[in-house]
Amino acid sequence: MSLGLFLQSLVNAVAIAGMYGVVASGFTLVLGVMKIFNFAHGQFYMVGAFLTFAVCELFHLPYIVAIIAVFIIMGLLGMFLERFIIRYTYAGFFHQVLATIATGMILSQSAVLSLGKTDRFITPVVRGMINVGGTVLSYEKLFLIFLSLALIVGLHYMMKLKVGKAMRAVAEDQETAELQGINARWIFLLTMGLGCGLAGVAGAVIIPVLGATVPMGYNIFVRVLIIIIIGGMGSMPGALLAALLVGLIESFGYQFVGALNEVLLLGCLIPLLLLRPGGLLGRPLAIPE
Amino acid sequence: MTLLEVRGLSKYFGGLAAVDQLDLDVFAGEILGLIGPNGAGKTTFFNLISGFYRPMRGKIIFEGEDITGLKPHQIAKRGIGRSFQLATLFRGLTVFDNVFIGFHLDYGGGVLGQFLHTRAARGEEQAIREKTLEILEVMGLAPLKYELAGNLPHGYQKILGVSLALATNPRLLLLDEPVTGMNPTEALEMVHLITNIRDKGITLVVVEHNMRTIMEISDRIIALDYGKKIAEGLPHEISENEKVIEAYLGKEEEW
Amino acid sequence: MPEKILKAAGGLVLVALPFIVRNDYYLHLMNCIFMYSMLGMGFSIMWKNRLITCGQAGFWAVGAYTSTLLVMNAGVPFWLALLAAGIASALVALLTLSIALKAGPLQFFAITLVISFIIMQVLGVVEFFGGWHGIFGIPRPTIGSFVFLSKTSYYYLALFLLSANVFIFYALYRSRIGRAWTAIGLSASLAEMQGIDVYRYRLAATVIGCFFAGICGSFYAHYQTVLVPTTFSFQCSIFAQMYALIGGLSYYIAGPIAGAAVMVLLPELLRPVAEFQPIIYGVLLILIVVFLPRGILSIPQRFPVVRGFAQIGAKLKGLPISIKNLRK
Numbered sequence: 012m013s014l015g016l017f018l019q020s021l022v023n024a025v026a027i028a029g030m031y032g033v034v035a036s037g038f039t040l041v042l043g044v045m046k047i048f049n050f051a052h053g054q055f056y057m058v059g060a061f062l063t064f065a066v067c068e069l070f071h072l073p074y075i076v077a078i079i080a081v082f083i084i085m086g087l088l089g090m091f092l093e094r095f096i097i098r099y100t101y102a103g104f105f106h107q108v109l110a111t112i113a114t115g116m117i118l119s120q121s122a123v124l125s126l127g128k129t130d131r132f133i134t135p136v137v138r139g140m141i142n143v144g145g146t147v148l149s150y151e152k153l154f155l156i157f158l159s160l161a162l163i164v165g166l167h168y169m170m171k172l173k174v175g176k177a178m179r180a181v182a183e184d185q186e187t188a189e190l191q192g193i194n195a196r197w198i199f200l201l202t203m204g205l206g207c208g209l210a211g212v213a214g215a216v217i218i219p220v221l222g223a224t225v226p227m228g229y230n231i232f233v234r235v236l237i238i239i240i241i242g243g244m245g246s247m248p249g250a251l252l253a254a255l256l257v258g259l260i261e262s263f264g265y266q267f268v269g270a271l272n273e274v275l276l277l278g279c280l281i282p283l284l285l286l287r288p289g290g291l292l293g294r295p296l297a298i299p300e
Numbered sequence: 035m036t037l038l039e040v041r042g043l044s045k046y047f048g049g050l051a052a053v054d055q056l057d058l059d060v061f062a063g064e065i066l067g068l069i070g071p072n073g074a075g076k077t078t079f080f081n082l083i084s085g086f087y088r089p090m091r092g093k094i095i096f097e098g099e100d101i102t103g104l105k106p107h108q109i110a111k112r113g114i115g116r117s118f119q120l121a122t123l124f125r126g127l128t129v130f131d132n133v134f135i136g137f138h139l140d141y142g143g144g145v146l147g148q149f150l151h152t153r154a155a156r157g158e159e160q161a162i163r164e165k166t167l168e169i170l171e172v173m174g175l176a177p178l179k180y181e182l183a184g185n186l187p188h189g190y191q192k193i194l195g196v197s198l199a200l201a202t203n204p205r206l207l208l209l210d211e212p213v214t215g216m217n218p219t220e221a222l223e224m225v226h227l228i229t230n231i232r233d234k235g236i237t238l239v240v241v242e243h244n245m246r247t248i249m250e251i252s253d254r255i256i257a258l259d260y261g262k263k264i265a266e267g268l269p270h271e272i273s274e275n276e277k278v279i280e281a282y283l284g285k286e287e288e289w
Numbered sequence: 006m007p008e009k010i011l012k013a014a015g016g017l018v019l020v021a022l023p024f025i026v027r028n029d030y031y032l033h034l035m036n037c038i039f040m041y042s043m044l045g046m047g048f049s050i051m052w053k054n055r056l057i058t059c060g061q062a063g064f065w066a067v068g069a070y071t072s073t074l075l076v077m078n079a080g081v082p083f084w085l086a087l088l089a090a091g092i093a094s095a096l097v098a099l100l101t102l103s104i105a106l107k108a109g110p111l112q113f114f115a116i117t118l119v120i121s122f123i124i125m126q127v128l129g130v131v132e133f134f135g136g137w138h139g140i141f142g143i144p145r146p147t148i149g150s151f152v153f154l155s156k157t158s159y160y161y162l163a164l165f166l167l168s169a170n171v172f173i174f175y176a177l178y179r180s181r182i183g184r185a186w187t188a189i190g191l192s193a194s195l196a197e198m199q200g201i202d203v204y205r206y207r208l209a210a211t212v213i214g215c216f217f218a219g220i221c222g223s224f225y226a227h228y229q230t231v232l233v234p235t236t237f238s239f240q241c242s243i244f245a246q247m248y249a250l251i252g253g254l255s256y257y258i259a260g261p262i263a264g265a266a267v268m269v270l271l272p273e274l275l276r277p278v279a280e281f282q283p284i285i286y287g288v289l290l291i292l293i294v295v296f297l298p299r300g301i302l303s304i305p306q307r308f309p310v311v312r313g314f315a316q317i318g319a320k321l322k323g324l325p326i327s328i329k330n331l332r333k
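Protein chains in written order, with the working numbering: chain R, 12 to 300; chain X, 35 to 289; chain V, 6 to 333.
Careful: at least some of the hints might be erroneous.
[Claimed, not checked] Derived DEER-like restraints, expressed as beta-carbon distance ranges:
hint : chain 1 : residue 1 : chain 2 : residue 2 : range
1    : X       : Tyr-180   : V       : Phe-172   : 22 to 32 Å
2    : R       : Met-169   : V       : Phe-172   : 55 to 65 Å
3    : R       : Phe-267   : V       : Ile-25    : 26 to 36 Å
4    : X       : Arg-125   : R       : Gly-165   : 41 to 51 Å
[To be verified] With a straight-line Cα cutoff of 20 Å, these simulated EDC-like cross-link-like pairs (lysine to aspartate or glutamate) come out:
hint : chain 1 : residue 1 : chain 2 : residue 2
5    : X       : Lys-105   : V       : Asp-202
6    : R       : Lys-128   : V       : Asp-202
7    : X       : Lys-262   : X       : Asp-59
8    : X       : Lys-111   : X       : Glu-97
[What the hints assert, rightly or not] One side of the interface only, derived from the structure: several residues of chain R facing chain V at Cβ under 7 Å:
hint : residue
9    : Leu-109
10   : Ile-117
11   : Leu-126
12   : Val-233
13   : Ile-240
14   : Glu-273
15   : Leu-275
16   : Leu-280
Please keep in mind that the hints were generated in silico from the structure rather than gathered at the bench. Glycine is no exception: its CB is placed at the ideal position from the N, C-alpha and C atoms.
Construct the entire structure; sequences and hints are all you get.
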C-alpha cells in the first residue's frame, strides 16, 4: 500500500472515527447514566444536519451560529423527550425502546415535512486541499476531524466538572448518588440534553462533508450499536476506542476487501463477545426487566 | 451410613479461602448443624454442594457417587435439595404454583405425551397436583395456597422456600438459615417442620446463627471458621468447646 | 361455555374472512399481520425464558432464502422447501446461539444482534444469494397441481401456518416444558435448583422460535416473489419485539398477534392524513406504551365490563394453572 493511499485511508479512518466517536459518546452517556437505549439518537443526528441546512442556507446565518443553535435546540428537545416521554416509561426496557423509536419517527418525519426528502448540502465552510508529500488531503476532512476532536475533548473536560462528576456518580449507582444529595431527576434531564445535543452537533459537523440524507439517522444508529457492543455498553472510553477501531476497519478494510469489510467487522465481533462479554472496556450492563 | 462425603474441598475468591481443605461427613438420617461466625464459609459450602460453585480442589461424594463439578440441576436430580437464606421463590406465582412448578423432576412420561396433553399426561399432572397439596398440608401452607408468593409474610416465604426444596424429592436437604428473621412463633413452627422432615427419612444439614435452635434440633454439630472445620461433636460438647467460643467471641473483639 | 363459543366464532370469522371482505388489499394486510405475528411469537417464546433476541430478522431471512434457493435452483417442491426453511433456520440458531447461550443472556442479546447483521450483509454481498439487488421471479407455492395465485389462497396458507404455530406453542406452553420455561423466566437460578436444565430448555425455546421464523420466511419469499436483503434489517428484528410489547409482553401467544394487528392496521387507518401519518402513528405508539404498559390485551383487566373476555385472553396467554393470579 502506497504511502499516499495509506495517509488518505488514515485520514478517512480518523474522520469516520471522530464522527462515530461523538455520536457514540452521546449515546453511551445516556446509556450509562440513565440505563436507556435512546433509539431516537440517530434521528437527533439527522435533524441536527437538516437544521444546520435550514440555518445556513435558508436563514443565511454563519456556520458557527448553526452549530450553537443546533446544540441548544437538540439539547432542549432531548430534555423535552426525557421529561415528557421517557420519564413515563421506566415501566420497562421494551417500553422505553418503543417510546424512543416512536419519537425517532416523529422527529424524522418532521424534518422531512419541513425540508423535504432530498439530500441537502451546505456550502462548505473550509475549502481546498493540502498537499502532504504527494498525497492530497481535503481541508474539509481535516476540519471535520478537528471539530470532532474538539467535541470529544470538550466532553472529557465536562466530565471532570461538578456536573460531570454527578453524572458519573448516577451512572455508577443511582441510589447512592441520591443519598449524597445529587438530584437524579435533574441529572437525567441534563444528560439527555447533553447526549442529544451532541448528536445534533455531530449532524451539523457532518453535513458539509457528507450532506444530510433521510436515512442517515438510522444508519449511524446501527453503527453506534455495533460500536458500543465492541467497546462495552456504558463505557465512554470504550466507545471511543471502539469508534476508532471501527473507523480503521471501515477505512482500511475497504482498501483490502472492498464491500466485505462489514462482514469482516461483524465476524470479528462474535469471538470478541464470547471472550470479553463486556466489550473491550465495559462492564456488562444488566438488561432491566 | 455416610450419605455425603466431602474431602479436601477448597474454594478461593481472589486470594481468600472461603472453604479451605474441608473434610466432612454427613450420616444418613441425621440432622447436622453447621455453625460458625459470618464469613466462615457456610453458605459457600452449601453453594459448592448444590453445584452453584465449582470447587477448586476436593471431592464431593453423595450416596457413593462423585458429584464434584456437576451442574445444579444435575445435583438436584440426584437428590440434594436446598433452601436459601433470602427466600428465593417464583415471585409472580401463587404458593400452589410455586410448588407445582417445583415438581418438575417428578414427571416420568415422554415429551410427546406432554405435548399432546394425552390422558396419561393429564394423569401425571393430576398426581403432581395432589403431591403439591400434600406438601402444602405438611408445611402448613395449605390455607395460603392461592396467595401470591411475594405477598406472604417473611416467615411463610421461608417455609415456602423449604417446600420448594422438598418438591425435588431430596434425600439430603440443605437449609440455609431457616429460622433467621422469624419471630419466635414462626421459628417454633419451622423447628417442628424440620423434625417432621427428618422423620420422613430425609437427612438435613442446617446452617443457623440462632444457637438455641441449632442446639435443640441437631444430632451433631460441625463448627467452621475461615473455611476450615474447627470442631465436631454433640451439641453440648460444641457449646463448651474453647475453639468455638473463641471463634465467635474473637470476632467481636476484632472491633 | 361462553369462552368456547367466542373462540369458535372468532375462528369462523377468520376462516370466512376472504368471503366477507372481498378486497385484495385488506387480505394482504391480514397476510402481513399473520407473518408478523409469527415473528413476534418467536420473540415471545424466547422472552418467556427472559432471553431478548434482536435477531428475528436474520432467521426470517435464512428461511426465506433457503426456501427460494431450494425451489429455484434445485426444483424442490414448495412444501418440502417450506419445511427445509424452518429446519435451516433452526440449525443456524442451534449452531450459533447454543454458544451465545452458554455465554449468558447479555451475550445472547448482543450476539443475536450481530448475527442478524451478519446474515443481512452476507446475503447482500455474496452474489449466490442475489446480492443487494436480490432475487426476483420466485415461483409461487404449489401443492400438487394447485398454484397459489390469489391473495385469498395466500390468506389461507398464512392462516394455516399461523394456526400451526399457535397450536404448537399452545401445546408446548401448557405442558411440562412450558412450565419449565415459566420457571426459568421467573428465576433461572431457582429453576436450576428445581432440577430444570436451564440451558437446554432455553436452547429448545430458541431453536423452536427460529424454526417458525424460518417457516414464515419461506412463506414471505413465495408470497412477495421478490427478496431483497434490506428487508431483513435490524429494524425488522426490533419490530418483532414491538409486536409482542404492544400486545402485551405477558401474553405469549395472543400478544404478538394483537400487537402485529395494531402495528399493521394503525398506519393504514391513518392513511388519510398522508404525510402526518408517521408523526401521529408515533404519538399513538407512545400513548399506548405509556398508558397501556401491559399491552393492548390488558384492556379487559382494566375495565370490569369486559372481564369475561379476560378469560379468553388468559387461556391464550398459554400459562399454567391459576392463570388469574399471574401478573407480571
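To see whether the hints hold, each was checked on the structure:
Checked against the hint of 22 to 32 Å, the C-beta distance between X:Tyr-180 and V:Phe-172 comes to roughly 30 Å, which is consistent with it. Take R:Met-169 and V:Phe-172: their Cβ atoms lie about 57 Å apart, and the range 55 to 65 Å holds. The hint said 26 to 36 Å for the Cβ distance between R:Phe-267 and V:Ile-25, and at roughly 59 Å that hint is violated. Separation of X:Arg-125 from R:Gly-165 is about 46 Å and conforms to the stated range, judged on CB atoms against 41 to 51 Å.
At most 20 Å may separate the alpha-carbon atoms for a hinted pair to count; X:Lys-105 and V:Asp-202 meet this at roughly 9 Å. Restraint check for R:Lys-128 and V:Asp-202: not satisfied, since their Cα atoms lie roughly 53 Å apart, outside the 20 Å limit. Between X:Lys-262 and X:Asp-59, the direct Cα distance comes to roughly 14 Å. Compliance with the 20 Å bound is thereby established for this hinted pair. For the hint linking X:Lys-111 to X:Glu-97, the alpha-carbon distance of about 13 Å falls within 20 Å, and the restraint holds.
Hint status for R:Leu-109 relative to chain V: holds, with the closest Cβ pair at about 5 Å, below 7 Å. A cut of 7 Å between beta carbons decides the hint on R:Ile-117: the least distance to chain V is about 4 Å, and the hint holds. Below 7 Å, beta-carbon pairs count as interface contacts, and R:Leu-126 has none with chain V, the closest being about 13 Å; its hint is therefore violated. The closest approach between the C-beta of R:Val-233 and any C-beta of chain V is roughly 6 Å, which is under the 7 Å cut-off, so the hint is satisfied.
About 5 Å separates the beta-carbon of R:Ile-240 from the nearest beta-carbon of chain V, less than 7 Å, and the hint is met. Taken as an interface hint, R:Glu-273 checks out: its beta carbon lies about 5 Å from the nearest beta carbon of chain V, inside 7 Å. Annotation: R:Leu-275 was flagged as interfacial toward chain V, and the flag is violated, the nearest CB pair being 10 Å apart, outside 7 Å. Satisfaction of the interface hint for R:Leu-280 is found here, the shortest Cβ-Cβ separation to chain V being roughly 5 Å, below the 7 Å cut-off.
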